[in-house]
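Peer 1: Spelled out from the first residue to the last, the chains are:
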Amino acid sequence: MLQVLIQGLLLSGLYALIAVGFTLIFSIGRVLNLAYGAYLLIGGYAYFYFTQAIGLPKFAAVLLAAVIGCALGILKFLLIVRPLRGNHVAIEISTLILAVVLQSAVVLAFGDSSKILLPIIPGVERVAGAAVPYSNLFAAVMSWVILIALWIFIRSTHTGRAMQAVSMDAKGAAISGIDADRVNMITWAISGTLGAVAGVFFASYTQLYPGMWVAPLIIAVAVVIVGGIGSIIGTLIVAHIIGFMEVLVSTYLAPELRGIFTMVLIIAILVLRPRGLFGREEL
Amino acid sequence: MGLRWYHFALWIAFIGVMFALPEYVSKGTLRTLIFANFLAVFAISWDVLSGRTGYISFGHPFLIGIGAYTSAILTKRFDFPLEASIPIAVLVTMVGGLVVLLPALRIRGSYFALVTLAYMELMYQLVQVIRPDLTGGTRGMSGLPTLTRGAENGFYMSTCLMLAVALSTWLLMRTRLGTALSAIGMNEDAVSGSGLSVTRLKMVAFLFSAMLAGLGGAMYVHYLGSIAPRALFDINFVFTIIVAALIGGAGTTIGPIIGAFFLTFLLEYLRPWLPGAERYLIYGGVALVLYMIQPKGIFELVRQSLSKLRRAT
Amino acid sequence: MSAKLEIRNLVKRFGGLVATNDLTFTVEPGESVGLIGPNGAGKTTVFSQIMGEHRQTAGTIALDGREISKLSTPARIRAGVSRTYQVPRPFADMSVAENIRVGLMPDSVWQMISVGPDPARELELALAVGFSEDQLDRLPSELSMGDLRKLEMARTLATAPRLMLLDEVFAGLTVGEIAMISDVIQKMRGEGMTFLIVSHDLKALEPLVDRVVAINQGTLIADGSYDAVMADGAVRASYLGTA
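Chains as they are written, first to last, in my numbering: chain A, 206 to 488; chain B, 5 to 317; chain C, 35 to 277.
By construction, these hints were calculated from the structure, which means they are not laboratory data.
A few of these clues could be false.
[To be verified] Chain B stretches covered by chain A per the calculated footprint, using a threshold of three residues with CB under 8 Å from any CB of chain A:
| # | segment |
| --- | --- |
| 1 | 101-110 |
| 2 | 125-133 |
| 3 | 244-258 |
| 4 | 295-304 |
[Unchecked claim] Some chain B residues well away from chain A (every beta-carbon gap over 10 Å; in silico):
| # | residue |
| --- | --- |
| 5 | Val29 |
| 6 | Ser30 |
| 7 | Leu138 |
| 8 | Ala155 |
| 9 | Val208 |
| 10 | Gly229 |
| 11 | Leu313 |
Since the model is a prediction, treat every value here as computed from it, not as a measurement.
Don't be surprised by glycine CBs; every beta carbon is placed ideally from N, CA and C.
The shape of chain A in the complex, shown without the other chains:
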């Protein structure tokens, strides 16, 4: 019982971190960023490269991965999203193409086989029969720290409030003198950073391989859809619903069924309540 609780909390924290970067883009740019999974991919591989190939300290590597994710987010905004502005279908399709391009770039640089990522903090603690690697614990704690920081940033800084304004009403925000382009770019940068950091944790949770971006993308999509577009609180709650559901299913039913329940949940919610459970189209 306690084991389920602990594993559920750890997995949910990670899912929340994965989903929140995706939520930001959807609520502000109203665009499905299908290349979001690729941030995780690039973040994971960047971390792998800096620690295990170059031998940098782990925290420096996480930081560098975050910087690369940030740069990637900005580049994508400047090169793809801005030129195609207004054409959602075109942006979504280009992001899908970009994701596949990045995946092949990774294959080209690191090969097709999967890599084992050394844990950020080695060691395992046994709690009530559950093995809790320090790495996962650290990932969950970091998720919470980052989410709270993001929440404070959006509520109380000038830029954060501008983001809120754009997400509610882009035209109105433009009239009040908010530079929507700048806000968009900052959002893409934050989203890229969050994605890359989430990628480091996700890769150490599972494994590092070129196709690893699809599963977190679907999780992000699931959390965001079920939680309601753009609601950070909703994202947090649903990350926990999905996280706990997966842990419960794999503990009490069968591990291979856990993805099925997630998909059925997404489809049911989308069809029955297209705006999500906590649907407000704002931050």
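On the provided structure of chain A, position chains B and C as indicated by the hints.
Peer 2: Relative to the frame of chain A, chains B and C by itself:
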């Protein structure tokens, strides 16, 4: 329908070239062409739904998979003859797809794309877990009855399929139905404001698309003689279908064919230099650049340069 | 060619906002009625309820005595009511003729496939709203605002309505274009078409209507001849924003 003499001339020329090909090209190229033919069928099927009505499906392998698995299971586990299993597979794809996706046709835009992606992933997980004695589980099935033997016969079979699909789609889309479907893609509210039941039109587009996907999927599986879930429900496969339709020219019938042949041969010509998945880097890059230059695809690029030429002379 | 519209006790709430407040008025067959009111008065919301794009919270909408509130938008159009939009919404990649073709289609998939388009009827409708024959192949991106409004009228007319709802037909038009659209409306009035017209341009509206209905904040404030409504204190106050 506004058929002109040059329409006939172009179709006859196209059919003639396709059937003359085995005389001039190698067996290896024929095998590439077979894949291009199947990809063209899938891309046309995607285009009928997504290219025209603007309802982007990211889960088209879901439909292809229903057709492929139905026919594979019927022949392998229940000894159905191919003549029966393929039509049944097409029907099952249409009915099954409609039952699951009917509620999804209510929702618009990005949400529809997400539901279809979720369906594909669900199907991938289900075939591995539910009744693996029927579906072959993670490893899939092999040793299925095949329709033809040899590259040449396979080429004729796939070419006939592709041409039949292309010609019937082209004719159907030239009717007022085609105009109405394209109108949905441009402005759905204005279509319903013109007194047309948009939901029924989307359903017709979906059924036709599912029919082609089911037919293509069933024929493909009996060309290969095997089926593997990882290759079928793969995001790279979705990507190839969508990109073929888009860079050829979405919303047209010839566009997806051009796109399918262009992509298949691009991939094939890169093979000697880049044998692995790295080919997708070049291929994806080319697709991305082409798409950013002209979202309406190669067909539109050709059309524009032709009309420029005409104006110049 | 004409129809009677009866709106009784219509109420529409969006959350806490009351967009239409117990609204009752009638448009007699063959009559042309102006629907006026300041910005945000709820004129367009009335249109979208008549067309079924929004369902009313309470009240009834009847066409020729038949309650249409339960019908879908396409079914209401078949019943004989059709509208234009403030912002013209043409099918961007289709020519003028093809745009009109969509309006002419029957709501039957089988007939769409088996029966071809009717170019003569498309031309007739295009000419009726003031297009010239050589404009049939133009794309919407090549048309002026006035021409886009004409296209909108032609596509609406193609659905063979007996009652037409025109939403801000004069917005963004030049004086010449206003005169041209007015002529088209006058001609159709002569043929017996029933109109309900929303416009901010009261001067252009005056010669086109038999009667005016004024609303403010979703509530009816005046109903009568153009001059009587214009002289009404509540109407003047609402336009000055002091109501």
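Peer 1: Compute the least Cβ-Cβ separation between Ala155/B and chain A, then decide whether it is above 10 Å.
Peer 2: holds (28 Å)
Peer 1: Go check the segment 295-304 of chain B versus chain A for me, would you? Three or more residues, Cβ under 8 Å, otherwise it fails.
Peer 2: It holds, with 3 qualifying residues against the three required.
Peer 1: Can the segment 101-110 of chain B be counted as covered by chain A under the rule of three residues or more with Cβ-Cβ separation shorter than 8 Å?
Peer 2: Three-residue rule met by the segment 101-110 of chain B, so holds; n is 3.
Peer 1: At least three residues with a C-beta closer than 8 Å to a C-beta of chain A: is that true for the segment 244-258 of chain B?
Peer 2: holds (count 3)
Peer 1: May I ask you to check that Gly229/B keeps its beta-carbon over 10 Å from the closest beta-carbon of chain A?
Peer 2: Non-interface label on Gly229/B holds, nearest chain A Cβ at 26 Å vs cutoff 10 Å.
Peer 1: Taking beta carbons only, do three or more residues of the segment 125-133 of chain B come closer than 8 Å to chain A?
Peer 2: Contact hint for the segment 125-133 of chain B vs chain A: holds, 6 residues under 8 Å.
Peer 1: Per the stated criterion, does the least C-beta distance between Leu138/B and chain A lie above 10 Å, as a non-interface residue requires?
Peer 2: Leu138/B clear of chain A: closest Cβ-Cβ about 16 Å, beyond 10 Å.
Peer 1: Is Val208/B truly not at the interface, in the sense that its beta carbon sits beyond 10 Å from all beta carbons of chain A?
Peer 2: holds (20 Å)
Peer 1: Taking C-beta pairs only, is Val29/B more than 10 Å away from all of chain A?
Peer 2: holds (28 Å)
Peer 1: Against chain A, does Ser30/B hold up as non-interface, every C-beta pair farther apart than 10 Å?
Peer 2: Holds, since 27 Å exceeds 10 Å.
Peer 1: Non-interface claim for Leu313/B: all C-beta distances to chain A beyond 10 Å?
Peer 2: It holds; Leu313/B is separated from chain A by about 28 Å at its closest Cβ, greater than 10 Å.
Checked against the numbered hints above, the structure breaks none of them.
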